[in-house]
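Enquirer: As a plain string of letters, each chain reads:
2 protein chains.
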Amino acid sequence: MPFTPRTPRVVAARRLQRRREREATGRFLAEGPQAVREALSRPRTVVELFGTPDALDRYADLAATAAGADVPVSEVTDEALAALAETVAPQGLVAVCQHLDVPLAAALARHPRLVAVLAGIRDPGNAGTVLRTADAAGAAAVVFAGETVDPYNGKCVRASAGSLFHVDVVRERDPAAVVAAARAAGLVVLAASGYGEADLDELADVGRLAAPTAWLFGSEAHGLPGELAEAADARVRVPLHGRAESLNLAAAAAVCLYASARAQR
Amino acid sequence: MPFTPRTPRVVAARRLQRRREREATGRFLAEGPQAVREALSRPRTVVELFGTPDALDRYADLAATAAGADVPVSEVTDEALAALAETVAPQGLVAVCQHLDVPLAAALARHPRLVAVLAGIRDPGNAGTVLRTADAAGAAAVVFAGETVDPYNGKCVRASAGSLFHVDVVRERDPAAVVAAARAAGLVVLAASGYGEADLDELADVGRLAAPTAWLFGSEAHGLPGELAEAADARVRVPLHGRAESLNLAAAAAVCLYASARAQR
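So the sequence lines, in the order shown, correspond to chains A and B. For what it's worth, our numbering labels the leading residue of the first sequence as 1, then goes sequentially. For what it's worth, our numbering labels the leading residue of the second sequence as 1, then goes sequentially.
Wrong hints could be hidden among the right ones.
Claimed, not checked - Chain B residues, not near chain A, derived (Cβ > 10 Å throughout): (1) Asp78; (2) Glu79; (3) Ala82; (4) His111; (5) His166; (6) Asp174; (7) Val255; (8) Ala261.
Said to hold, decoys possible - Selected chain A positions facing chain B (in silico; Cβ < 10 Å): (9) His166; (10) Leu200; (11) Val206; (12) Arg265.
If you are wondering where the hints come from, they were derived from the structure by calculation, not from laboratory data. Quantities reported herein were computed from a predicted structural model and do not represent experimental measurements. Just so it is clear, CB atoms sit at the ideal spot from N, CA and C, and this is done for glycine as well.
Assemble the whole structure, with the sequences as input and the hints as a guide.
Expert: Quick look at the structure:
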């Protein structure tokens, strides 16, 4: 019999929609075949896979991969799937996953040439989008620092479009410690700021973007905390050629990260 | 006495939240002091300004500008303002504005060096964000083509963060006509496509981004229609250096438009 919304394992998994439960258990939810596939591609990440009978049939390769890795695969009713998923169309699959963040020191020890640091980004969609863009630009690590949203927030996981499973994800309470550690690891630390004294194009022209770099990004509404921006090696503005007063966070991060990616190649 | 939600002029203005009413009247709503200021900076754009007594006091300069331009300024109750506004915190001001799009031929006659063409972008937040980014990158015109959302949709107006009032906005039903007209006006037409045969960095390296350019952007979910992409001079992909399968629309548009902006300077 497929599990229902009242089956204890479904009830327990559903609690992972809450941050407190994620912190207490070290687990989170990934929904939809794309995210489940990415999660299954990492060893010891998926703890349990829930799917409707239809979905487990349609994505039989994923069910087989899970079973082959000794991951329990459980049939659930449509109602149970709807209770576990946060989107309207999760395509029948939800996986319970282990947290996958690594310590900052471990991520830096791998000598990343490009790192994105999210400092105080509370909007999960923005954080997930920057994570996705950082992955696309070739960043090896993304640091969720300070008051930034939990990387395992469902909306952040979904906005990352699988990139949560691709890069070294780091969580660090103290953004200043991230700046210090990144610099000690030989990275240039650049703060993205609409009011920065350095123009992104000019930095590219003089070759300053070619070095291994950690970019700091703050919240769309408030920007980076002043002390943190001051701690960076430079505060960098994306040039505004037209009359827009600013770029939104996703656009600014994309331009900065891709400028570094291009300069490093 | 301030107008209430039942005052006929408030009722009439509120109807502009619906596309059909916007089309029938050629008017739309702009809310919040930033958008109202931008709208007032354009001649003959604002038709009427509604504000709570508090807001008209706090933004007395805007009320004075409106009055000086013979724009009726009407006090409304908090309830009437809430009925007119679509956001929770509109800061007390809503303006009724005239549509401001210009014909495609008029926009092209001004010899823009950078144009963004939105083809089939139905999500108003995405369309408004690309409009904002295009303005920031120095695009002089943004074309809403084909099945793209109405530029005067409230969410699009808000996501544009004032840029709707900065650039030449064009509406054109037939995207193929936009490609033909842009090319006839001497613009290189580039289609942003995750599956494009040309790499953005390589185009930059060989100097192909320095020419006046019209960029075509399709919907996040479906990309550009195949025929439209084929009609462009090249289909261009943003390089994916990491393991992300794609960029979201706002990020891809930002990277493409800024690559052109940089090459043109």
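Enquirer: Each hint needs a verdict: does it hold in this structure or not?
Expert: Okay, the hints, checked on the actual structure:
1. Asp78: holds, 24 Å
2. Glu79: Answer for Glu79(B): holds, closest chain A Cβ roughly 27 Å.
3. Ala82: For Ala82(B), whose nearest Cβ neighbour in chain A is about 22 Å away, the distance exceeds 10 Å, so it holds.
4. His111: holds, 16 Å
5. His166: Answer for His166(B): violated, closest chain A Cβ roughly 4 Å.
6. Asp174: At roughly 26 Å from the nearest Cβ of chain A, Asp174(B) sits farther out than 10 Å, so the non-interface label holds.
7. Val255: About 5 Å separates Val255(B) from the closest Cβ of chain A, which leaves it inside 10 Å; violated.
8. Ala261: violated, 5 Å
9. His166: Check passed: Cβ of His166(A) comes within 4 Å of chain B, closer than 10 Å.
10. Leu200: This hint holds: Leu200(A) lies near chain B, its Cβ roughly 9 Å from the closest one there, short of 10 Å.
11. Val206: violated, 14 Å
12. Arg265: holds, 7 Å
When each numbered hint is compared with the structure, violations occur for hints 5, 7, 8, 11.
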